[in-house]
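J.: Here is what each chain is made of, one letter per residue.
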Amino acid sequence: MKSETRFQILVSVAAIGLSMLTGYAASQPVSNTLASPESFAGIAGTAARSAAMFTELGKVLTHPRCTNCHPAGEHPHQTDASRLHQPPVTRGPDGHGTETMRCSICHGNANFDPGRMPGHPEWHLAPREMAWEGKTIAEICAQITDPARNGGRKVEDLIHHIGADTLVGWAWHPGFGRSPAPGTQQEAGALVEAWVKTGAACPAK
Amino acid sequence: MTRLAITINGRALAPTEVRDDLTMNDFLREHLGMTGTKFGCGAAQCLSCAVIIDNPDGTSYTSPTCVVSAISFDGKAIRTVEGHAKNGELTALQKAFIEHFAFQCGYCTAGFLNEAQVLLERLARKPVARDELEKTIAEALDGHICRCTGYVKYHEAVRDVVLADPKRYLA
Ligand code: FES
Ligand code: FES
Chain Y
0 MKSETRFQIL
10 VSVAAIGLSM
20 LTGYAASQPV
30 SNTLASPESF
40 AGIAGTAARS
50 AAMFTELGKV
60 LTHPRCTNCH
70 PAGEHPHQTD
80 ASRLHQPPVT
90 RGPDGHGTET
100 MRCSICHGNA
110 NFDPGRMPGH
120 PEWHLAPREM
130 AWEGKTIAEI
140 CAQITDPARN
150 GGRKVEDLIH
160 HIGADTLVGW
170 AWHPGFGRSP
180 APGTQQEAGA
190 LVEAWVKTGA
200 ACPAK
Chain E
0 MTRLAITING
10 RALAPTEVRD
20 DLTMNDFLRE
30 HLGMTGTKFG
40 CGAAQCLSCA
50 VIIDNPDGTS
60 YTSPTCVVSA
70 ISFDGKAIRT
80 VEGHAKNGEL
90 TALQKAFIEH
100 FAFQCGYCTA
110 GFLNEAQVLL
120 ERLARKPVAR
130 DELEKTIAEA
140 LDGHICRCTG
150 YVKYHEAVRD
160 VVLADPKRYL
170 A
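Here the protein sequences line up with chains Y and E, keeping their order.
First residue of the first sequence? That's 0 in numbering that gives the first Met the number 0, and the numbers climb one at a time after it.
First residue of the second sequence? That's 0 in numbering that gives the first Met the number 0, and the numbers climb one at a time after it.
Read the hints as simulated data drawn from the structure, not as lab findings.
None of the values given here were measured: they were computed from a predicted structure.
Just so you know, even glycine gets a beta-carbon here, dropped at the ideal spot from N, CA and C.
Treat the hints with caution; some may be incorrect.
[What the hints assert, rightly or not] Which stretches of chain E does chain Y cover? Using the computed rule of at least three CB atoms under 8 Å from a CB of chain Y, they are: (1) 57–65; (2) 139–151.
[Said to hold, decoys possible] Okay, the calculated beta carbon distance ranges per label pair: (3) K196(Y) - L12(E): 52 to 58 Å; (4) E120(E) - N108(Y): 24 to 30 Å; (5) L162(E) - G176(Y): 42 to 48 Å; (6) T78(Y) - G74(E): 31 to 37 Å; (7) E138(E) - D79(Y): 27 to 33 Å; (8) D73(E) - G94(Y): 22 to 28 Å; (9) E29(E) - G176(Y): 22 to 28 Å; (10) G32(E) - S178(Y): 36 to 42 Å; (11) G176(Y) - D164(E): 44 to 50 Å; (12) N54(E) - P92(Y): 16 to 22 Å; (13) G44(Y) - A137(E): 55 to 61 Å; (14) K166(E) - G176(Y): 48 to 54 Å.
Using the sequences and the hints, build the whole thing.
T.: As structure tokens, this is what we get:
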């Protein structure tokens, strides 16, 4: 092959590679940050401000790190693409798997990146009634403020649950190959607290 | 490095220092040379790498070894495919696998053997009715992948072992 031809091929391959990379970058989420409660100060009505803060928090609640383990059915999902968990596993009577296939058999006390295995001592699925998968932010809000569907919690309890619970906190430190939930757990906790203190209003849609 | 104390096939190993990022599969295969435990997908999908873990209360379960750290097995007692036959005598399950020609390449066999052994031990503690047996075997072996498609033969082999001793395994 003539060196000139080889050069032209190399340039074309590089151009295709570059265009693929730019396409990939363009398809990434625009922002992986969370706005602070103070940044909503410009919204006049308290309820509207509260609902807007919940909408911001919705970036976390609808993130695959959260919805994968708040599934609508009997099976968790995994990866940023939220595909069905492989191998096939079922929530079981207590959300920790079936008798012969407990979550803890593979999921240890902490992430084990050499095996690409996420972990936490309490690794398990959220109860059926706390399913978020496929729901809008407004629907999740209605659900999360209903003690019958939020694990029997008052809205005040959600400040600690979202802002400090270590299993929830895993979503911001998910280990190799998984994108973390937006912002930080502290920022999410601050948003929940501000949302609760402004009346825990839900967005209309 | 972390100290790992483990019992394998009834023998307590002298505590040994292992790297925190060492998988259990590499510990068995590379450190101990116990290559009966296989490495297939490396991603908790095929269970060819599964070993038996014995609980102190006498119950047992299987665990993949490819995606979990060696140190997570600290203090545990496990059984591998090398621990089934005693004094060169194969178990009823191993004989049934051979009689049914259940495996071809054999890559998945250690995982199936361990899983079926755990099932037999569970049935001995908690027998099931005959009409629940097929579903029970299918559910127990579910998750193990055999590229040579020996599923039916594995199933039939396990069924034969159970039916050969109904007083022990069936309610
Ligand atoms: S090699 Fe471990 S599950 Fe496939
Ligand atoms: S016998 Fe070949 S993979 Fe099962």
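J.: For every hint, state whether the structure bears it out.
T.: Do the hints match the structure? See the list:
Chain Y is given as covering the segment 57–65 of chain E, and this holds because 5 residues of the stretch bring a CB closer than 8 Å to a CB of that chain, at least three being needed. Proximity of the segment 139–151 of chain E to chain Y, defined as three or more residues with a beta carbon under 8 Å from a beta carbon of that chain, is established by the 3 residues found. For K196(Y) and L12(E), the Cβ-Cβ distance of about 57 Å falls inside the hinted range of 52 to 58 Å, so the restraint holds. Separated by about 27 Å at the C-beta atoms, E120(E) and N108(Y) satisfy the suggested range of 24 to 30 Å.
One distance hint, 42 to 48 Å for the beta-carbon pair L162(E) and G176(Y), holds here, with the actual separation near 46 Å. As the Cβ distance of T78(Y) to G74(E) is approximately 32 Å, the hint placing it in 31 to 37 Å holds. Taken as a hint, the range 27 to 33 Å holds for the pair E138(E) and D79(Y), whose Cβ atoms sit roughly 30 Å apart. With their beta carbons about 27 Å apart, D73(E) and G94(Y) fall inside the hinted range of 22 to 28 Å.
In this structure the supplied range 22 to 28 Å holds for E29(E) paired with G176(Y), their Cβ-Cβ distance being about 24 Å. For G32(E) and S178(Y), the hinted distance range of 36 to 42 Å is satisfied, since their beta carbons lie about 40 Å from each other. G176(Y) and D164(E) have their C-beta atoms about 47 Å apart, which keeps the hinted 44 to 50 Å range intact. Taking 16 to 22 Å as the suggested C-beta distance range, the pair N54(E) and P92(Y) conforms, at roughly 19 Å.
Under the hint 55 to 61 Å, the C-beta atoms of G44(Y) and A137(E), about 58 Å apart, fit the expected range. Between K166(E) and G176(Y) the Cβ separation comes to about 50 Å, which falls inside the hinted range of 48 to 54 Å.
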